[in-house]
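Undergrad: Residue strings, one per chain:
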Amino acid sequence: MHHDFTMPIGEAEARALEVGDTVTLGGTLYGIRDATLIHMFDKGRRTRLDLKGHAVIHTAPNVKKVPGSNENPAGYAAVCVGTTTSARMERFTRPLMTREGVRIIIGKGGMGPGTLAAFKELGGAYLAIIGGAAALETTWIESIEDVDLDDLNPESLWKFRVKGFGPLLVAMDSHGGSMYDRVNKAAADRRAAALAAIGVKG
Amino acid sequence: MSAKDAAKLVVDPGAVEEAAKLLYIRALKVLPDDIKQGFQRLNAGESDATARTVLATMIENIEVAERRDNLLCQDTGIPIYNVLIGRGVEIDGAALKAAIRRGVERATREHPLRSSVVHPITRVNEQTSCGALIPVINIDFTDRPCELRLEMIPKGSGSENGSFLRMAIPAEGVDAIKTFVVDRVIEAGGKVCPPTIVGVGVGGTSDLCVHLAKVAATRPLGSRCADPEGAKLERELTQAVNALGIGPQGLGGDSTAFAVHVELAATHITMNPVAVNIQCHSARRASATFTPEGVEIGT
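If you're matching them up, the sequences are chains V and P in order. Take 1 as the starting number for the first sequence in this note's numbering and just add one per residue. Take 1 as the starting number for the second sequence in this note's numbering and just add one per residue.
Take the hints with a grain of salt, since some may be wrong.
In silico BS3-like cross-links for lysine-lysine, where the CA-CA straight-line distance does not exceed 25 angstroms [what the hints assert, rightly or not]:
hint, chain 1, residue 1, chain 2, residue 2
1, V, Lys163, V, Lys52
2, P, Lys97, P, Lys29
3, V, Lys185, V, Lys120
4, V, Lys52, V, Lys120
5, V, Lys185, V, Lys201
6, P, Lys29, V, Lys65
7, P, Lys29, P, Lys155
8, V, Lys201, P, Lys232
9, P, Lys8, V, Lys163
10, V, Lys64, P, Lys155
11, P, Lys36, P, Lys155
12, P, Lys8, P, Lys97
13, P, Lys29, V, Lys64
14, V, Lys65, V, Lys163
15, P, Lys155, P, Lys97
Rather than coming from a laboratory, the hints here were simulated on the basis of the structure.
Just chain V, same shape as in the assembly (with noise of 0.2 angstroms):
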């Protein structure tokens, strides 16, 4: 099933995704990584921004200083947008949702079990973007809105608006599903076969 959303959104439709969905975003996002994360939750930063409802996708993007204008208001342009591995982030997603009221979490590679418990519990998902794509990535986005915390550039927190962000896939849901968990245990299952087809004996 494929879902359109305008961010931010309640938790009734983070709760509605289910493991193979497909989603487009338009309106508001969030960039975040692993130095805003630390700050914000480790070194007791905060931020003016609102994430509540919103979607945050791990990134730190190549930008070019540009006059502040209608067009470029944060006073930066986008030049190429992607997304970073979310396994390093595992321990902020909880507090995330907690404090910060995040719904969904676009990153590439997956999370882990305290991931999924949390959107279980609070009611979210993980979509799985392309990792690598970014030339295509940076074409969803309209404009750098603002930005806070930017003594940490690359690595600030990023208010993008974009249009038509997508098709990304529910790759994990409220409701206990992981596509990672599928394949690795899948993985787990061939592996003995793998080794014994090129003669490493059990």
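Place chain P on chain V using the hints.
TA: The following block gives chain P in isolation, referenced to the frame of chain V:
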């Protein structure tokens, strides 16, 4: 001028600086032909519908990057330069290293590119893509006359975090090498942005083994290990990792790796080291070859 003098190539550090800058930007924008062909080959053989969609998106991205003159991936990586110096080349080594560094700084500032390099303890980003011992500069020598080759590799971090070393022992044999590679590919899953080139270092010392894994991971597709036992291991391990079903982006499918590449070195009678270094599907590289005829840019 004597015949000996005629067989010299004097390389100007200023030209190296320009090339270092150009190669960093070019590598980030244009994938080598062997990698593009690798995508077509995987796409043709892929049996999983989701995996085919993922591969199609990656192929579309390569086209979008070229059409819009944009970066393939947001990750500008850690800049690595491999310098291969032929016979009769005259260059001030210290000036060469300084020129490469200036080229990296200029590419970062003038394009502009995201500086992805920080101090390892303070995490301060100097916004230059440079820092202590970064860019990585590897210097080696070749018999080829009057030629200096500069290869640039922006090594993305998602796949570089998929780096592993095991000091196995002789009694564990080659089975330890095969098992280690398969298990690390399973462990890395989708985190390393498959389809990948899995680089495997076998033998040497610990540091040489890890270095060889990087050399293997960044070699062109279609190239083979010069050692027949290494080449055999490449064929076997390519088959094994693609039987795991991890697929592009770890979402399932046949296309887990373009290939497994092996590089090997002799080792000690007590040792059986194996290292893995993974290259993501954005397998970027670019090179400049300096000869008496001029500078040729390629992959």
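Undergrad: Does each hint hold? Answer for all of them.
TA: Status of each hint after checking the structure:
no.	hint	result
1	V:Lys163 / V:Lys52	19 angstroms, holds
2	P:Lys97 / P:Lys29	24 angstroms, holds
3	V:Lys185 / V:Lys120	20 angstroms, holds
4	V:Lys52 / V:Lys120	18 angstroms, holds
5	V:Lys185 / V:Lys201	22 angstroms, holds
6	P:Lys29 / V:Lys65	21 angstroms, holds
7	P:Lys29 / P:Lys155	14 angstroms, holds
8	V:Lys201 / P:Lys232	18 angstroms, holds
9	P:Lys8 / V:Lys163	57 angstroms, violated
10	V:Lys64 / P:Lys155	22 angstroms, holds
11	P:Lys36 / P:Lys155	18 angstroms, holds
12	P:Lys8 / P:Lys97	20 angstroms, holds
13	P:Lys29 / V:Lys64	17 angstroms, holds
14	V:Lys65 / V:Lys163	22 angstroms, holds
15	P:Lys155 / P:Lys97	19 angstroms, holds
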